[in-house]
Amino acid sequence: MLEINQIEKSYPKFHLGPVDLTLPEGYIMGLVGENGAGKSTLIYTIMNLLPPKSGEVSIFGMNYKENEVLIKEHIGFIYEQSSFYENLTPSSMARLLRLSYKNWDDATYRRLMEQFSIAEKPLKKLSKGQRATYHFIAALSHNARLLILDEPTSGLDPIVRRELLDELRRYVEPGNRSVLFSTHITSDLEQVADLITFIHKGQVLFSKDVEELRESYHVVKGAKEAIDTLPLLGKQSKRTHVQGLYEGERGDLADAQVELEPASLEDIMFFMKRGDEHEQIS
Amino acid sequence: MSRFLKLEGQTIKEKGAIKKSLLILLFYYAIYMGFLVFFNSITPQSDVFFPTLSTLSLIPFLTTIFDDDNTSPLRRLLPSLPFTRSDIFLGRSMIKVFIWLSSLVISYLFSLLVGPFIDSAPKLPIVYIGIGFSFLFLTIEHLSIHLKGRVTTLIRGGLAGGLLGMSMSSGMYLFQGIRETFPSGYTFMFASLIVGILLTLINMRIYQRRAL
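Top line first, the protein sequences correspond to chains A and B. Sequential numbering of the first sequence, starting at 1, is according to my numbering. Sequential numbering of the second sequence, starting at 1001, is according to my numbering.
Pulled out of the complex, with its shape left as it was, chain A reads as follows:
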């Protein structure tokens, strides 16, 4: 579906890559990382909005140089902030989108508009959540095979967020569609993502199956002496104990005098980002 090979992009104070990434058909991939890690740069490069310094992006087995229109016909894309004409109403905007996409699906559009009760008034007068939802509806209404979403759920209330995440699940069910979305809300990813890609300072630290992540990362807690003997990816000193992130089998630590807990995505991001930094939190 989506293949990224050795993509690099340079700015005076930031370098992305080289990034290699594969998103197969039927999967939802979550892209996580701190602010400025390179998530949007990577997404914009995938969308051909930023020309890469080197490397290749292949989507549906095609490249932008030869098939830009065909590729974009089958991509539903959402920017982090609204990109639609703010003075237009949803129905006016839909008329423009209908002219842009050959596969525009009025039935899906109407169903989603009803489901999410989007008001018929200028987009700039809609709430932030309704506007974000409208972008979501537009992206889902032209039979795209790949959705690329840059922070699509930020600003949405939990109920709407969950409904949209359910829509994403339904969207990939046929097995020939995929989703790539970046977010700061790691709980969203834990609900729907099959694959997680973590970017830190322009580098992909890992791109793994969610189950594999759950099995291979653990938060260990214990006395400083016990923790210091372990090869941890990051540590954090608390008042009563020290904790850190361990990569490996649970059984490896059977003899260690430590407690083990499953690592959440947020734990993994936190410890990997902080590395071996020891932060005292009182």
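It cannot be assumed that every hint is accurate.
Stated by the list, open to error - Heads up, simulated DSSO-like pairs for lysine-lysine below, C-alpha to C-alpha not over 27 Å straight-line: (1) B:K1019 to A:K121; (2) A:K273 to A:K13; (3) A:K124 to B:K1148.
Derived from the structure by calculation, the hints contain no laboratory data.
Once you have looked at the hints, place chain B on chain A.
Relative to chain A, chain B alone:
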């Protein structure tokens, strides 16, 4: 390309921009005419009226039709839709050329209409100068596609105000100077078209390669 042009046409229709821009055009005309009648200091107008009006007429059209708040569609929405950057640039350029030609016709007819009162009917060299000057202005304005939406709107507003101010003050000397340098007017128009087209080609090259 035809799909992009249809989209641009529909966008103008959905925004209801034509009616608004014609109203603003009348407002500019009223201010300019009011100034000329009130001061009655620059007659005959035949050397100045058409070049000023044809350039001034572009502003309300460009400002209203392509006013996009802060959404910068050429940098955000349109490149994310199934169009190539060439489609987007050439399509938008063609629409602007159409607007330019329309504003030339409107200005020419208006110059003839008020000709009996302020001697504004242009002779052929002045028509050429008007065509050349407004085309240069159009291609310079077209560079604003690289800027953010609100900055572009501010720049267009500044250009309109500046142009109006210039036409009321030193515009006469500018156009008379051009006429003295290029008596036939044709050379000026030809040179302006060449410079404008070159500028647009450079503009297109930048748009096709830049980060959006």
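Hints versus structure:
1. B:K1019 to A:K121: holds, 21 Å
2. A:K273 to A:K13: Distance ~19 Å between K273 of chain A and K13 of chain A Cα, so the pair holds.
3. A:K124 to B:K1148: holds, 18 Å
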